[in-house]
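A.B. asks: Go by the hints and put chain V onto chain R.
In the order they appear, the protein sequences are chains R and V. Here the numbering used here is used: the first residue of the first sequence is 1, the next is one more, and so on. Here the numbering used here is used: the first residue of the second sequence is 345, the next is one more, and so on.
FYI, nobody ran anything at the bench for these hints, they're computed from the structure. Just so it is clear, CB atoms sit at the ideal spot from N, CA and C, and this is done for glycine as well. Keep in mind that the hints are not guaranteed to be accurate.
As the list claims (entries may be wrong) - Not close to chain R: a few residues of chain V, all C-beta gaps over 10 Å, as computed:
#1 D384
#2 D396
#3 A551
What the hints assert, rightly or not - List time: in silico DSSO-like cross-link candidates among lysine-lysine, alpha-carbon distance up to 27 Å:
#4 V/K381 to V/K680
#5 R/K164 to V/K677
#6 R/K113 to V/K680
#7 R/K110 to V/K367
#8 V/K680 to R/K110
#9 V/K459 to V/K761
#10 R/K87 to R/K113
#11 V/K592 to V/K758
#12 R/K164 to V/K367
#13 R/K338 to V/K592
#14 V/K743 to V/K761
#15 V/K381 to V/K367
#16 R/K113 to R/K164
#17 R/K87 to V/K473
#18 R/K113 to V/K677
#19 V/K680 to R/K164
#20 R/K110 to R/K164
#21 V/K761 to V/K641
#22 V/K405 to V/K743
#23 V/K592 to V/K641
#24 R/K87 to R/K110
#25 R/K338 to V/K641
#26 R/K110 to V/K677
#27 V/K405 to V/K677
#28 V/K473 to R/K113
#29 V/K758 to V/K459
#30 V/K405 to V/K680
#31 V/K743 to V/K677
#32 V/K367 to R/K113
#33 V/K761 to V/K592
#34 V/K743 to V/K641
#35 V/K677 to V/K381
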Amino acid sequence: MRIDGCSDIEDPAPLAQQAAWQDVEPIAQDDGPSPICPIAYTDEYREMMGYLRAVMAAGEESARALALSGRVIQANPGHYTAWVYRKRLVEALASDIGAELDWVSALSAKHPKNYQLWHHREALVERLWPARAALALPEDQRLANPVLRRELQFVGSALDEDAKNFHAWSYRQWLVARYELWAQELAFVDTMISQDVRNNSAWNQRYFAVLRGRPATTQLDAALARAEVAYAVEHIQFAPNNDSPWAYVVGLLLRHAPAALHEELLPRIRALAADPGFAPAMSSTPFYWSALVDIHEQQARALPPAERAPLLDEARAICDRLATQVDITHNRYWRFRKTAVGAA
Amino acid sequence: MSHTFSYHFRYDDNAFETETSVKQIDVEDSIGRIYAKFVDPRTAADGGVIDDSRHRLMRSKHEQFVRDALHGLSSGFAVLDASQPWLSFWSLNSLDIMNCEIDLPLRQRAFDTVKRFQDSDGGYCGGYKQLPHMAGTYASIMALVLVGGDEAFQTIDREAMYRWLMTMKQPDGSFAMHTDGEVDVRGVYCAMVIASLLNIMTPELIAGSAEFVAQCQTCEGGIGPFPGVEAHGGYTLCGLAALEILGKTELLNLGRLARWMCARQLAFEGGFNGRTNKLVDGCYSYWVGGAFPILQKALERSPSDDYLYERVALQRYVLACCQEGRMGGLRDKPGKSADLYHTMYGLLGLSLSQHYMGVDPEAQIRDTTSIYSVPARMMQWDSVPVMSNVLGAQSNMLKPVHPVYGVSLVPLAKCVKYFYSLPSLAASLS
Chain R
1 MRIDGCSDIE
11 DPAPLAQQAA
21 WQDVEPIAQD
31 DGPSPICPIA
41 YTDEYREMMG
51 YLRAVMAAGE
61 ESARALALSG
71 RVIQANPGHY
81 TAWVYRKRLV
91 EALASDIGAE
101 LDWVSALSAK
111 HPKNYQLWHH
121 REALVERLWP
131 ARAALALPED
141 QRLANPVLRR
151 ELQFVGSALD
161 EDAKNFHAWS
171 YRQWLVARYE
181 LWAQELAFVD
191 TMISQDVRNN
201 SAWNQRYFAV
211 LRGRPATTQL
221 DAALARAEVA
231 YAVEHIQFAP
241 NNDSPWAYVV
251 GLLLRHAPAA
261 LHEELLPRIR
271 ALAADPGFAP
281 AMSSTPFYWS
291 ALVDIHEQQA
301 RALPPAERAP
311 LLDEARAICD
321 RLATQVDITH
331 NRYWRFRKTA
341 VGAA
Chain V
345 MSHTFSYHFR
355 YDDNAFETET
365 SVKQIDVEDS
375 IGRIYAKFVD
385 PRTAADGGVI
395 DDSRHRLMRS
405 KHEQFVRDAL
415 HGLSSGFAVL
425 DASQPWLSFW
435 SLNSLDIMNC
445 EIDLPLRQRA
455 FDTVKRFQDS
465 DGGYCGGYKQ
475 LPHMAGTYAS
485 IMALVLVGGD
495 EAFQTIDREA
505 MYRWLMTMKQ
515 PDGSFAMHTD
525 GEVDVRGVYC
535 AMVIASLLNI
545 MTPELIAGSA
555 EFVAQCQTCE
565 GGIGPFPGVE
575 AHGGYTLCGL
585 AALEILGKTE
595 LLNLGRLARW
605 MCARQLAFEG
615 GFNGRTNKLV
625 DGCYSYWVGG
635 AFPILQKALE
645 RSPSDDYLYE
655 RVALQRYVLA
665 CCQEGRMGGL
675 RDKPGKSADL
685 YHTMYGLLGL
695 SLSQHYMGVD
705 PEAQIRDTTS
715 IYSVPARMMQ
725 WDSVPVMSNV
735 LGAQSNMLKP
745 VHPVYGVSLV
755 PLAKCVKYFY
765 SLPSLAASLS
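In isolation and in its complexed conformation, chain R is listed as follows:
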C-alpha cells in the first residue's frame, strides 16, 4: 500500500471543514491562563496540532494520520513527538520505505541541521535492509546494494552542500559502522580532505576510518602508522598553519603508535622545517612546535629516567618559545604545558 505524505496533494482547506476529518474532535492546547513565552501560532499550525494530538491520543494508525504528521513536521521539523508517531505509523501501515526516504530527503534539503530527520533515516534504513542480513554478504556486495548506495550518495550530497555538517558526518559514521563499509571510507575521506585540507570533520573521519571501530587500546602496526604519518605530512605541506592534520597525526600516534612519533613523524617534520620553501611557514606555526613538545615528551618516556633530562628540557624550552613568541595568545596554556612536561 503506497502512502503519500506530500501535503501539496492534500486538500488545503482547514481540517475542520474537511469531510475526512469530521469524526475527530481536536484537542486544544492548554498552556494555562497566562503562559510565559507564548507562541502566536498561525491558525493553520494551531489547528494541525489540535488534530495531531487527537489522533495520537486515540492511538490512530491511518493514512490520514501519516499525512498529518508530515504536515506538522514540515511546519516544525524539530517536533520530535510527531517524528516518533510517524515512525510508528510507517511501520504499522507497512508504508513503502523508499517513498518515505524520498520524503525525508526532500525535507533535508530545507533543514540540513535537524537531529530528528537523520535519526528517522537510520530507523528507515535499518528496516529496509536490516544490518544482520547485510553483514551476511561480503563488503563489495553490500556496497552494490541499492539501499546503501543511495544512503552513501545522500550523505555525500549533504556534505557537498555543507562539508562540515555535523549531523551528516555522524549519520555517515552510523552507516559505515553498522554496515561495516570500512573499505570504501578512506577514499571518501581523502576526497573530502582534498576539497578542503582544513575540514576537521574529514580528518576526524579519517581517524574513524583507520581505526575501523576497534577499541582505543588498539596498537596500529608500524606500516600503517608510517603511512598515516606520510599522509599527514603531505597535507601539512599545503598549509602548515592548519591544526587538523597535526591534531590528527599526533592524536593518532599518542594513542595507537607512540614510538612512531619520534621514529616517523619527527624526521619528516624536521626535514620540512629545514626545507627553505617551508621553513618560514613551519617555524611560525604553533602546531609544528606543539608537536615537537609532544614528540620529545614521548621520546623521553621510552628512555630510562636518568637519561630523560635533555629531551624534557628541550620540550620545556619549546613551551617557552610558544608562550613568548610563536603562540602568545595561548601563553597561559603553554606555561601550564611546560609544568606538565614529563609529569605523566
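C.D. replies: Frame of chain R, contents of chain V only:
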C-alpha cells in the same frame, strides 16, 4: 601578558586558500572593523591597543529583549514549539544572571507554564501533550530552580522521573533523549543534572555513564556526542560537567583535553569556536569558556594561577561583538540576529569569565565513591573574589553562576536543600 589587539594575530592561511580560510578571514574582517572602533588612537601606529574601559553591557536593552519574549513570540517561533521549556529557561536565567527582577507574578506565571510540561509517567515534555524529553526535562527543572519555592518543587514527581530516566538509560551507560530518540552525551549530562538536583541518584542510574563519556573523547582531546564523532564544544561541556557530578573527571586524558579547549579560543577574535577550523560563536563562551573552571579543578590548579584561557579577550568579544545594540539581546557574531539562546549562553560565558569559580583545594571533598557525596561536592563551588576580572565598567558584572549547572548559586542551593531534606530514592529502593 595582555592579549592586545593586533593584526599580528590575524589568521595565516599560508597563501593557500580553502573554503575554511576564506570564511575565517571574512569573519576576522568584520570583527576587526568593530575592534578598530575601540582602539585608543594614540596607539594606532603599533597596530592599536583596544581601550577596554569603554565596554558596556547594555543591560536594560537585553532585559527588554527578554521581557518582550516572555510576553509573547511571533508565529515563526512555531519551529521551537517542541522546545518550550528552553524558552522559559533561557529567558528566566538571562534575567537572573543580569540581576533583573523576577517578581512574584512572573514566578507564578513561569511556574504555571512549566508545571504543565510534566508528563504523568515522568519527565517533562517540549510542550503540551508531547513526549517527555531529556533536554526539555533539564530546562524545565532549571526553570523551576529559578522560580524557586517549596510549592514549585513539590510538583516534581521524583519517583516517576526516576522511572522515566531508567527507561531512557542504555546498556552502555548512555541515555536516549526521548523514546525512540537519539543517544548522545547530552543525555548523560541532563540525566546527571536532574538526578543530582532531585536527589534521585542510584548506582543503577549512573552505572557505566562515566565510562561512556570517556569513550567520547576523541584523539584531538575534546569530547563528541558519541564515540568516534568529532569533538565539539557543546558535548565537551556536557561530558566534563557530567564527569564532575560523578566525580570521575580523571577518566579523561586531561592534558589532551586542555590542549583542545585552549585551541578553541581564536587569537584575533578572542571568542571561542566549537570545533577545530570552524568560526567563532558567542554561545561557545559558555560551552567552552564555561568548561574551564571544571578543567581547572580537575587539573588541581590553584586559583592564583588563573584559568588556562584569556578571560579578557573572551569578555571583549562578548561585549564588543555579541551585543545587539538596537533590538537588544546577544548573538553568535556580528551580522547574525540576537536570540534567546545566544543571549543566555553569552551571559553565562561572560559571568563565568568575570568570576573565578572554584573549590577550595584544602576543603575539597575527595570521596567520590558514594552517591551521597554529590550534593556536598557540588555545593562547594563558589566565587573567589580576589580572582574576579570584570572587563569594562564594573557595572558589567553579572551574578556568579555554577559552572556545572549554569544557574546562580542561591536558587541552586535552595533547590538542593529542599530535595536533600527528602529521603533519597536510593534509600527507599534498597
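A.B. asks: So, for every hint listed, does it hold in this structure?
C.D. replies: Quick rundown of the hints versus the structure:
| no. | hint | result |
| --- | --- | --- |
| 1 | D384 | 20 Å, holds |
| 2 | D396 | 16 Å, holds |
| 3 | A551 | 20 Å, holds |
| 4 | V/K381 to V/K680 | 19 Å, holds |
| 5 | R/K164 to V/K677 | 19 Å, holds |
| 6 | R/K113 to V/K680 | 17 Å, holds |
| 7 | R/K110 to V/K367 | 22 Å, holds |
| 8 | V/K680 to R/K110 | 19 Å, holds |
| 9 | V/K459 to V/K761 | 20 Å, holds |
| 10 | R/K87 to R/K113 | 19 Å, holds |
| 11 | V/K592 to V/K758 | 25 Å, holds |
| 12 | R/K164 to V/K367 | 13 Å, holds |
| 13 | R/K338 to V/K592 | 25 Å, holds |
| 14 | V/K743 to V/K761 | 20 Å, holds |
| 15 | V/K381 to V/K367 | 22 Å, holds |
| 16 | R/K113 to R/K164 | 11 Å, holds |
| 17 | R/K87 to V/K473 | 18 Å, holds |
| 18 | R/K113 to V/K677 | 19 Å, holds |
| 19 | V/K680 to R/K164 | 20 Å, holds |
| 20 | R/K110 to R/K164 | 16 Å, holds |
| 21 | V/K761 to V/K641 | 24 Å, holds |
| 22 | V/K405 to V/K743 | 18 Å, holds |
| 23 | V/K592 to V/K641 | 12 Å, holds |
| 24 | R/K87 to R/K110 | 20 Å, holds |
| 25 | R/K338 to V/K641 | 18 Å, holds |
| 26 | R/K110 to V/K677 | 23 Å, holds |
| 27 | V/K405 to V/K677 | 18 Å, holds |
| 28 | V/K473 to R/K113 | 25 Å, holds |
| 29 | V/K758 to V/K459 | 18 Å, holds |
| 30 | V/K405 to V/K680 | 17 Å, holds |
| 31 | V/K743 to V/K677 | 23 Å, holds |
| 32 | V/K367 to R/K113 | 19 Å, holds |
| 33 | V/K761 to V/K592 | 24 Å, holds |
| 34 | V/K743 to V/K641 | 21 Å, holds |
| 35 | V/K677 to V/K381 | 16 Å, holds |
Comparing the model with each earlier hint shows no violations; every hint is respected.
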